[in-house]
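K.L.:
For the sequence shown, the numbering used here gives the first residue as 9, with consecutive numbering after it.
Calculated directly from the structure, the hints in this document are not laboratory data. Among the clues, some could well be false.
[What the hints assert, rightly or not] Cβ pair distances, simulated, as ranges:
{"#": "1", "residue 1": "Ser-65", "residue 2": "Ile-284", "range": "22 to 32 angstroms"}
{"#": "2", "residue 1": "Asn-260", "residue 2": "Asn-69", "range": "18 to 28 angstroms"}
{"#": "3", "residue 1": "Gln-66", "residue 2": "Gly-119", "range": "54 to 64 angstroms"}
{"#": "4", "residue 1": "Pro-215", "residue 2": "Phe-134", "range": "22 to 32 angstroms"}
[Stated by the list, open to error] Dumping the calculated BS3-like pairs for lysine-lysine here, alpha-carbon to alpha-carbon at most 27 angstroms:
{"#": "5", "residue 1": "Lys-248", "residue 2": "Lys-155"}
{"#": "6", "residue 1": "Lys-292", "residue 2": "Lys-218"}
{"#": "7", "residue 1": "Lys-218", "residue 2": "Lys-129"}
The beta carbon of each residue, even a glycine, is placed where N, CA and C say it ideally should be.
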Amino acid sequence: MAEDFNANLTAEEKRGHVFLIIRRIIAYIVLIAVCLFCVFPFLTLIINMTKSHAELSQAFNLIPGDAFIRNFTNVINDQSIAIVRALGNSLLIGAISCVITVYVSSLTAYGLYAYDFKLRKVAYTFIMVVLMVPTQVSALGYVEMVKSWGFENDNSIPALIFPSIAVPGVFFFIHQYMESALPLEIVEAGRIDGGHEFYIFNFVVLPILKPALAVQLIFSFVASWNNYFLPQLLMQNTSKTATLPLAVAALNATANDNFDLGKIYMTLGIAIVPLIIVYLCLSKYIIRGIALGSVKG
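Input sequences plus hints: build the corresponding full structure.
P.N.:
Encoded structure:
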């Protein structure tokens, strides 16, 4: 009886081991397929950056061309889009905007989290209501206002930075993160030690929020970098303050005689390089920040 039981148990263990291997194989196949699905657009972009317009006009294939240097030179030397200047404008606007967004949103979240006052719930509710309002709804009024101040065309950079002062989505994320990772006892201890509020916020609270801040820095920079709607309303494609999305749009709108797919793919490739650099610098905080910021307790 005991030997039969052991034999049956061993057989069940073997079947369980086989099923485990099958599940792992299926999981690996699915993960590899998902990875290939995600990588394929980038691979296609890189390959197309090496092809001429004539090659890109033919049937699609994954064989690299030999026009990479020519496409790069054509993009850099094309004064109609001024890619270097547009790149610098986007970097300037993106860097300033993401820093302002994260700092001001963190300060606002800290005020509503660490202070208990009568209108705290009202203020929080108001910010959440603003979060649900699409940007396009208030864009027309904002554009008319900043244009009346003279912030348009070559003077439009400040108008592209102003909206970063109030970003409800970033506020909500950081406020949720504070509830899960920032005990109020730490704030009280800083006050007992004689620290003033800005000192506590800058040197006690912000270091604790580092994972959430890194995540929101990336998201805010990407949002500013990809912003086409507001710059298109404030400036022309030929403006000295034109951003990278406007430069790409200008290439895409080129007359048929000068239309060059190779230049377009090269411009798109140049446009994603800063995003990749920012992601690589801050990527270690992304998963940790999202996981901790989305779970209260």
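K.L.:
State for each hint whether it applies.
P.N.:
Hint check results:
1. Ser-65 <-> Ile-284: 22 to 32 angstroms: 28 angstroms, holds
2. Asn-260 <-> Asn-69: 18 to 28 angstroms: Taking Cβ atoms as reference, Asn-260 and Asn-69 lie about 23 angstroms apart, which means the hint holds.
3. Gln-66 <-> Gly-119: 54 to 64 angstroms: Holds: the Cβ-Cβ distance is about 60 angstroms, inside 54 to 64 angstroms.
4. Pro-215 <-> Phe-134: 22 to 32 angstroms: Roughly 29 angstroms apart at Cβ, these two residues keep to the hinted range, so it holds.
5. Lys-248 <-> Lys-155: 16 angstroms, holds
6. Lys-292 <-> Lys-218: It holds: about 11 angstroms lies between the C-alpha atoms, which stays within 27 angstroms.
7. Lys-218 <-> Lys-129: It holds: about 26 angstroms lies between the C-alpha atoms, which stays within 27 angstroms.
This entry satisfies every hint, going by the numbered hints stated previously.
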